[in-house]
Amino acid sequence: MLINNGLVYLIALPLAGAAILLLAGRRSDKWGHILATLLSASSFAVGLLQLSQMLGRPTEQRAVEQKLFEWISVGSFQVDAGLLLDQLSICFVLLITGVGTLIHIYSISYMSHDHDRRRFFAYLNLFIAAMLLLVLGNSFLNLYVGWEGVGLASYLLIGFWNQKPAYATASKKAFIMNRVGDMGLSFAIMIAFASLGTVSFAGIKEAAPHASTASLTAIGIMLLVAATGKSAQFPLQAWLGDAMAGPTPVSALIHAATMVTAGVYLITRSNFIFDAAPTAQLLVVIVGAITLLFGAIIGTAKDDIKKALAASTMSQIGYMILGAGLGPVGYAFAIMHLLTHGFFKAGMFLGAGSVMHGMDDEVNMRKYGNLRKFMPITFVTFGLGYLAILGVPPFAGFYSKDMIIETAFNAGGIKGILLGSAALLGAGITAFYMTRVMILTFTGAPRWDEKAHPHESPILMWLPMAILAIGSVTSGFLLSRGDALVNWLAPLFAEHGEHEELLKPIVVTSLALLMVAIGVAIAFMKYSRSEVSNTAPEDVSFLTKIVRRDLLQDDFNEAIFMRPGQALTSTLVKTDELVIDGAVRGVGSVALGSAGALRGTQTGFVRSYAALILIGAVALIAAIWVVTQ
Amino acid sequence: MNAANYLYVSALLFTIGAVGVVVRRNAIVVFMCVELMLNAANLAFVTFARINGSIDGQIMAFFTMVVAACEVVVGLAIIVTIYRSRRSASVDDASLLKR
Amino acid sequence: MINLAISVGQTETPEAVMFWILGPLAVISALGMLLVKKAVHSAILLAWVMITLAIFYIAQDAVFLGIVQIVVYTGAVMMLFLFILMLVGVDSSDSLTETIPGLRPIAITAALGFGGLMVSLIGRATIGRQMVGLTVANLDGNVQSIAKKLFSTYVWPFEVVSALLITAALGAMVLAHHQRTIVRPTQREQAINRFRSGTLASAAGLPGPGVFARHNAVDVPALLPDGTAAAASVSATLKARGDVIDSRKFELGEVDTSVEEEK
Chain S
1 MLINNGLVYL IALPLAGAAI LLLAGRRSDK WGHILATLLS ASSFAVGLLQ
51 LSQMLGRPTE QRAVEQKLFE WISVGSFQVD AGLLLDQLSI CFVLLITGVG
101 TLIHIYSISY MSHDHDRRRF FAYLNLFIAA MLLLVLGNSF LNLYVGWEGV
151 GLASYLLIGF WNQKPAYATA SKKAFIMNRV GDMGLSFAIM IAFASLGTVS
201 FAGIKEAAPH ASTASLTAIG IMLLVAATGK SAQFPLQAWL GDAMAGPTPV
251 SALIHAATMV TAGVYLITRS NFIFDAAPTA QLLVVIVGAI TLLFGAIIGT
301 AKDDIKKALA ASTMSQIGYM ILGAGLGPVG YAFAIMHLLT HGFFKAGMFL
351 GAGSVMHGMD DEVNMRKYGN LRKFMPITFV TFGLGYLAIL GVPPFAGFYS
401 KDMIIETAFN AGGIKGILLG SAALLGAGIT AFYMTRVMIL TFTGAPRWDE
451 KAHPHESPIL MWLPMAILAI GSVTSGFLLS RGDALVNWLA PLFAEHGEHE
501 ELLKPIVVTS LALLMVAIGV AIAFMKYSRS EVSNTAPEDV SFLTKIVRRD
551 LLQDDFNEAI FMRPGQALTS TLVKTDELVI DGAVRGVGSV ALGSAGALRG
601 TQTGFVRSYA ALILIGAVAL IAAIWVVTQ
Chain H
1 MNAANYLYVS ALLFTIGAVG VVVRRNAIVV FMCVELMLNA ANLAFVTFAR
51 INGSIDGQIM AFFTMVVAAC EVVVGLAIIV TIYRSRRSAS VDDASLLKR
Chain X
1 MINLAISVGQ TETPEAVMFW ILGPLAVISA LGMLLVKKAV HSAILLAWVM
51 ITLAIFYIAQ DAVFLGIVQI VVYTGAVMML FLFILMLVGV DSSDSLTETI
101 PGLRPIAITA ALGFGGLMVS LIGRATIGRQ MVGLTVANLD GNVQSIAKKL
151 FSTYVWPFEV VSALLITAAL GAMVLAHHQR TIVRPTQREQ AINRFRSGTL
201 ASAAGLPGPG VFARHNAVDV PALLPDGTAA AASVSATLKA RGDVIDSRKF
251 ELGEVDTSVE EEK
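Chains as they are written, first to last, in our numbering: chain S, 1 to 629; chain H, 1 to 99; chain X, 1 to 263.
Any given hint might turn out to be false.
Said to hold, decoys possible - Some chain H residues close to chain X (C-beta under 7 Å, calculated; not the full set):
{"#": "1", "residue": "A4"}
{"#": "2", "residue": "I51"}
{"#": "3", "residue": "I82"}
It should be emphasised that the hints constitute simulated quantities derived from the structure, not laboratory data. For every residue, glycine included, the Cβ atom is placed at its ideal position computed from N, Cα and C.
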């Protein structure tokens, strides 16, 4: 272990950028975005340097730890602020800084008309720093700091245009629903400390085999709650759609590529807990399976291009959670899907941003159409991402998603069949709604207003899209070639025995491709063969209406949590006013009233005071008289 | 003779003094009534000294006299000062400490 | 008189006689002090009460205290009171009418209750029923035994009290001290002011009291040529006390001149 290995620069560079941009204020308007981009890029460079150093070391010495300072030292509770860079963290570091830098570059152009562009870059840098702290922390408590930091950055960026009340509400919604998950994480930390006596990853990994299953299950469930909050998984998924209120680069970076995958990171990082807590692990796969279908179904009815992509993100993270819940055999595939998803989903979001840029911020896909003629580069990059997410070989998604479906089928028994079927079905629905997005946006007859003048985006915008498109084409192949990622991550996870294969890999692949083909075919029949109205049709089935309302997720939350919560709050407010404030004010008014009454006795005449003293003396003597009776 | 009789006199004098403090308005007379109360207390001290056969009561009375002398000196000086500024020796006129 | 009082104290019946004469007298004097209108009368009655108490002290084997009572109280303190009375003069404060409504009944009721309860308590007391007497304590003489106690057991309070006395003296001086804010006018300036202010009548000073050849006391106002009394000729204090005599009866016409005519 190296004592000073420069890990801290990974975080310090973007953090310094955020500090400089926020503190310098308007003075940095001219050069702030360039500084932020350079700092993000230099953080990426440090990450590459770390990777090369790591590759130069033998497998068992690859993980490096750096103690920054003694953070908390209370009795038996010892926590150091420390960083841990191992095979898992480096994947995230490179994803965050790499995709982050590309999105910085993209934002220079995308946000060029916004007079608050500097603040936007400051928040982006803050997010990068917080996310790096999240993945580099060597204990749950350090991770928690980063976890809250990305929550804050997400809140600030979703509400970046908070002059619109709906956007401000969206940012609050995201923040509050994240808080619910954060409670889970803090409970997990508390339970870990109470039952295991430590909160560091290394310490818990060591202590986990000797701990009781009950406490490990409790920690696992609480970690799952945290993951569902941050990664927009069922039942805390409702915030992600509204989070699209933020500028599109934010959606690409935070709500597609990095932050929302923190839940997957958390579960993968805590693999030693979940491996020892089968109940929690089962819950993880259930959450993953439900969410992947939930998100996919929502995606089918969305006319807002960003919300459709957000639903897709939710669904894809469901795949990752499912993979992570399958145990040692699935962790690496979850991470692989996370990385490939980071490429193609970020690319597609940037593509969506490019489309919006060309269409005067119009997000309704029903008002697009035939854009491939006007935005060829966007069409190509988006299309490559589309092929990747569908899982068409040899694009990236094929390798990662296919492996997850396969692993799900191999989970064994009824569970395996159910999970595998869900994943397969999800792949089919994904193909349907993504094809729908493609058709509505890039093909067919133009349906836009006469004022719109679609045009291709400038190079600063399409270059990152192109790079990400290359990633979405090649990353899957590169990562799975010779099981590169699986072997790379293997030292972190427990050994897993060979499962009996329910279905041959080739069968699974064929089934998945068949589902995809069916999905694509339905979409073609529905949207390509007939005219698409530029307003959403009203005479639709009841199910469609429900799906359009996000499967009633908001109605459910409002009915179950918001209204009773509001009722409780207003009752408490009334109670506070009447009982508590009433008591306080009552004391005050009693004191005032009695003081006013007593004030009347103050005549200022010495003789009346003397008379009172005399009366007091009489009372005293009378008391003595009575007592000595 | 029963020495308690002196105590009765003492109690009566004290009561009269107390009434005087409350009833009279002339600050000097009020002061005289205070002196009367002190003297009544002294009589009680002396009587108790005799009843108990201990000289301590007389010592107490002695100290009371000294303190009373101090009190008279300062009190009368205050009365003169107030009179000088207000041209009145009535305790009712110095009633600024009211609501 | 001292020896008489001492002998009265040491014998049973004479002390009772003395008590039953002086005791009621003291209470009546105190009541009188409360009830008379003029502060000077109150002071004299108080002085009498204090002398009575001094006699009581001496009768109760407290010779030293008795003498101190006369010297300090009737001598020093009461004289001080009279001095202040003279300085302050007489004003409305001597009036016995009550200005605070309800105070007098309250005071009297409380006083009656207080006195009654005290008397009842003294009557009920059981401790001290057997009188010890000071014969043993005063064996070396009363002054000597007080001195022994004062300079041994009570030496610390004695010192503290001495500090108190000095502080009181200083305090009285501070209070009595009067910072002059204007330059005191010289005699010459006063004379000039007198002549320049108002009428010439004031220049000659105030008219003296008294009616020529008939009555020259300070409480008789002088008569002006038109026969009315000159208000400026008597002290305001006397007027306030109501001690001014009507000077008309000393007018020439009012006096019986028959005797002179006979001569």
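Practice item. Find the hints from earlier in the document that the structure breaks and name them by number, from lowest to highest. Key: Violated hint (a single one): 3; every other hint is consistent with the structure.
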